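Okay, so the sequence shown: first residue is -7 according to my numbering, each after it adds one.
These aren't lab readings, by the way, just hints derived from the structure by calculation.
The model shown is predicted, which means the values in this text are computed figures rather than measured ones.
Any given hint could turn out to be false.
[Claimed, not checked] In silico DSS-like links for lysine-lysine, alpha-carbon gap of 27 Å or less: (1) K61 / K98; (2) K220 / K48; (3) K72 / K241; (4) K48 / K83.
[Unchecked claim] Computed beta-carbon distance windows for the label pairs: (5) G165 / F3: 48 to 56 Å; (6) S103 / T127: 21 to 29 Å; (7) K220 / K104: 22 to 30 Å; (8) R254 / H44: 51 to 59 Å; (9) E266 / H14: 53 to 61 Å; (10) G184 / E223: 53 to 61 Å; (11) T131 / G165: 16 to 24 Å; (12) E94 / L26: 33 to 41 Å; (13) K98 / G9: 32 to 40 Å.
Glycine residues also receive a C-beta, built at the ideal position from the N, C-alpha and C atoms.
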Amino acid sequence: MFAIIGIVIVFGCIVAGYLMEHGNLRVLLQPAELLIIGGAAAGTVLIANPLHIIKKIVDGIGCVFGSSKFSKQAYIDTLKMMYDLLNRARKDGLMALESDVEEPEKSAVFSKNPAFLKNHHVRDFVCDSLRMAITGVDTFELDQMLDLDMEVHHHDSTQPTAALSTMADSLPGLGIVAAVLGVVITMGALGGPPEEIGHKVAAALVGTFLGVLLCYGLVGPVAANMAKAAEEEHAFLAVLRVLIVSFLKGSAPIMAVETARRAIPGHVRPSFQELEKACRGGGAAAAAAAAASA
């Protein structure tokens, strides 16, 4: 939503300022210049990137115009789900979770959180990690495995951003290409009337204008937004890693959840009371449960 508002502000202010100086909007409408710049930019992306990265670029652009998947409520729901799951593991042993991690869609715990099941990266991260714990992998080795998994996933998630940033960087240069082509056309019309020459020079300059505007006013900011989305997902996985490792080191489920809460970024971090209430209602019952677990 904010991305759409930002785009409207960028283009709205530029057009409003241009009109305030009595500019003619029809001069800026140059489909040929836009075709040269946009088509060449799209071509550079196709040349430089394999198909799977191009698909991720399209998906990432779509996510820019939606809401974040990793809100405060998403953290609360996921930590509540993990608290219920780990509570069962504490009572019945890790082997009790085997059916949940093997078929998460049929799990009574996971099915309460459809957003978790829908995000296959997060779902596989949790299920694969617990599967390794069930097979008896040492906690230290599992922690290293999770770190490696996060590093590889973060690298994959930043590749579309890097590709789109490269495209943004190429736009000013492609604008100059369009402008030079316009100058070439203008040179061929030097014998014509001054109005025709002026129109062709204006069209050539519009090419440079569009290249710079698309770079710094649209494609560059979209790439930056995609980079932030990748960081949000990385932070979410880091919280789950802290939670799983803390539990496997011997912490009670509620203490593992609280440790994970401290790893949540500040702008979406729920308070202790919010998470306590979500997990087990808070109050005297929570205090009694905490004392029993100790």
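Here is what the structure says about each hint:
no. : hint                    : in the structure
1   : K61 / K98               : holds, 23 Å
2   : K220 / K48              : holds, 15 Å
3   : K72 / K241              : holds, 20 Å
4   : K48 / K83               : violated, 41 Å
5   : G165 / F3: 48 to 56 Å   : violated, 22 Å
6   : S103 / T127: 21 to 29 Å : holds, 24 Å
7   : K220 / K104: 22 to 30 Å : holds, 29 Å
8   : R254 / H44: 51 to 59 Å  : violated, 36 Å
9   : E266 / H14: 53 to 61 Å  : holds, 56 Å
10  : G184 / E223: 53 to 61 Å : holds, 55 Å
11  : T131 / G165: 16 to 24 Å : violated, 52 Å
12  : E94 / L26: 33 to 41 Å   : violated, 52 Å
13  : K98 / G9: 32 to 40 Å    : violated, 59 Å
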